[in-house]
Amino acid sequence: MSIADWFTAREKRRYTQAGETPAPVAPQVPEGVWIACGGCRHPLEEREFISGGRVCPDCGHHHAMPAPERITALVDAGSFVEIDADLTGADPLLFEAAKSYRQSLDTAREKSGLSEAVITGRARIGATPLVLGVMDFRFIGASMGSAVGEKVSRAFDLATAERMPVVFVTASGGARMQEGMYSLMQMAKTSAAVKRHGDAGLAYVSVLTNPTYGGVTASFAVLADVLVAEPGAMIGFAGPRLVEQTIRKKLPKGFQTAETMLSHGMIDEIVPRSRMKEHLALLLGYLGSGAQGGER
Amino acid sequence: MARRYAMEFERPLFDLEAKLVELKRLDLSGNPDLLVEVSALSEEIERLRAETYTRLCAWDRVQIARHPDRPKTQHYIESLFTDVIEIHGDRAYGDDEAIWAGFATLSGTPVVVLGHNKGTDTKSNVRRNFGSPHPEGYRKAMRAMRLADKFGLPIVTFLDTAGAYPGIEAEEHGQALAIAESLALLSAVRVPVVVVGIGEGGSGGALAIGFGDHVLMLENAYFSVISPEMCSNILYKDPSQARIAAQQLKLTANDLLEFGIVDEVVSEPFGGAHHDAAAVIADVGKAVVAALAQMSSFGPDELVARRHERLNAIGVYGS
Chain A
1 MSIADWFTAR EKRRYTQAGE TPAPVAPQVP EGVWIACGGC RHPLEEREFI SGGRVCPDCG
61 HHHAMPAPER ITALVDAGSF VEIDADLTGA DPLLFEAAKS YRQSLDTARE KSGLSEAVIT
121 GRARIGATPL VLGVMDFRFI GASMGSAVGE KVSRAFDLAT AERMPVVFVT ASGGARMQEG
181 MYSLMQMAKT SAAVKRHGDA GLAYVSVLTN PTYGGVTASF AVLADVLVAE PGAMIGFAGP
241 RLVEQTIRKK LPKGFQTAET MLSHGMIDEI VPRSRMKEHL ALLLGYLGSG AQGGER
Chain B
1 MARRYAMEFE RPLFDLEAKL VELKRLDLSG NPDLLVEVSA LSEEIERLRA ETYTRLCAWD
61 RVQIARHPDR PKTQHYIESL FTDVIEIHGD RAYGDDEAIW AGFATLSGTP VVVLGHNKGT
121 DTKSNVRRNF GSPHPEGYRK AMRAMRLADK FGLPIVTFLD TAGAYPGIEA EEHGQALAIA
181 ESLALLSAVR VPVVVVGIGE GGSGGALAIG FGDHVLMLEN AYFSVISPEM CSNILYKDPS
241 QARIAAQQLK LTANDLLEFG IVDEVVSEPF GGAHHDAAAV IADVGKAVVA ALAQMSSFGP
301 DELVARRHER LNAIGVYGS
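Protein sequences, first through last, are from chains A and B. Using this note's numbering, read the first sequence as starting at 1 and increasing by one per residue. Using this note's numbering, read the second sequence as starting at 1 and increasing by one per residue.
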């Protein structure tokens, strides 16, 4: 294949734009529903808890956050335009386990209202235009199958083509094993897309949230210029249970927490959710909008 | 007769063979009944042998891929390459012997060789951590990739690992980061990359040096997102369903050829590569030489563009 052909081929798989559709809005919760904090069991009124960004006012525990809420919390109001909204998991292996993969996909779509485990799109944070990707753990543990890998890789390619930085908020159990090797290969596909973006002198910031594991950690999630994590987030390659089974010893306290990752030099900083937006805006200011970046 | 290593699916065959050996030890002269039994048993053994090795399921192939006598990276390097120089260390922490890296010459072509380095006995396996790398191993591999890139040497990699090591230190030293960086670097090296799956292809730990411009796989090698045992544990809540999980994961060389993830399958002798290691190694050598010759017609830009296009094309999704 000649290089010209390659560019034509790449054109063909460019992102699709959903028009001016905002991100799906979080479902309404009735008043007076109480839940217990996942960190300290403190009772929390659910509506207040959600409007407070799902952080416990008592112990500061950062709970899982649905992607649509995250997007609303991070971007300049009204600036998010989703791309590739229709891309969704297929079932190439016709995978059957206790539950069929097709069934898992249907359940996930229904429960989350999303078509896949990641939402990508154009947005602005502190007036900086960028491409944003946010993963949603509710969708099959935000595992990366073909559709997620494709959406991630197209998001980076869009940012490369339009010389924009990328912000990615990750959460994932790892590769989506029901897609077998198609899923594993997404690690290489997404890493290659990040590399193209970085080699074009463009900035990439990733925000690691609880939990980020396996094939997502070991590919695009940690290839960012600056790695930010939420407090208490569990981040790793192998899950703690597997590590414990392998070494047959108790794990050290704080193993794989963002705090331990920070002290081992594996991430740059821990930023609480309440300050994430302003922090990203500040950081992106240093890294440039891309216009100043030099092509390597 | 020395006790042979029997894979699960070979046990009925090996049991019969052992019975035959026992029978033959008896004094057969003047005992026509026993002679008849011996000949019947021999026939039964031949029938069972054909059945055992011609109807291999995915799980049987995983057993073959893990066979202790299966030729390892070390054997391919010793047999196929000349003027071998091994390099060591990640220049940061240590030298991980679970990854072999170095310079070598294949039929007159100088290349950089990388491989998961399973041991050949207990002692070497302990030193090489049974071929399961730590981050230091991937960082050494990246040094080798950079050298290949800098000096225009094609890269040949041999895959044979159950997976990257899931230990405390491995995690604390950035196993995920090492694999991710290796993937990014391998996607962008401006030299041909030929990959050979010779045994186990365990997940991200294999993929870190396991994709490129031409991917060869031995007939009984496997490449999988997760081990059949772990998949069975997670999805079937039952570790004994590994056979079914292996089937479902579509992890064999021929499955992956069909998916376009593998380009070429190298056949193995009846029963697996360990029955005729020399022939298999020679066949792999020929296939790698042919792949390198084919790649030599592409310039660096074209190589990288083709590699990226190939990666972009992998995946099945709806819209």
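No wet-lab data here; the hints were simulated from the structure. Backbone N, C-alpha and C define an ideal beta-carbon position, used for all residues, glycine too. A few of these clues could be false.
As the list claims (entries may be wrong) - Under the rule of at most 27 angstroms between Cα atoms (straight-line distance), these lysine-lysine pairs were calculated in the BS3-like manner: (1) B/Lys24 x A/Lys99; (2) A/Lys249 x B/Lys237; (3) A/Lys111 x A/Lys99; (4) B/Lys123 x A/Lys249; (5) A/Lys250 x B/Lys286; (6) A/Lys111 x B/Lys237.
Unchecked claim - Just some of the chain A residues that point at chain B, by a computed CB distance under 8 angstroms: (7) Ala192; (8) Val194; (9) Ile247.
Taken at face value, is the distance from the CA of A/Lys99 to the CA of B/Lys24 at most 27 angstroms?
The given pair, whose Cα atoms are some 52 angstroms apart, is violated under the 27 angstroms limit.
A/Ile247 was flagged as interface toward chain B. Is the shortest Cβ-Cβ separation under 8 angstroms?
Holds - the Cβ of A/Ile247 comes within 8 angstroms of chain B, reaching about 6 angstroms at its closest.
Holds or violated: is there a CB of chain B closer than 8 angstroms to the CB of A/Val194?
holds (6 angstroms)
Given a cut of 8 angstroms on the nearest C-beta pair, is the interface hint for A/Ala192 held or broken against chain B?
holds (4 angstroms)
Would you mind confirming whether the straight-line C-alpha gap from A/Lys249 to B/Lys237 stays at or under 27 angstroms?
holds (23 angstroms)
Proposed proximity, A/Lys249 with B/Lys123 (alpha carbon, max 27 angstroms):
holds (23 angstroms)
Against the 27 angstroms threshold, does the CA-CA distance of A/Lys111 and B/Lys237 hold or violate the hint?
holds (23 angstroms)
Holds or violated: A/Lys111 to A/Lys99, with C-alpha atoms at most 27 angstroms apart
holds (16 angstroms)
Is the hinted pair A/Lys250 and B/Lys286 satisfied, with a Cα-Cα distance of at most 27 angstroms?
violated (49 angstroms)
In terms of the numbered hints stated before, the structure departs from hints 1 and 5, listed from lowest to highest.
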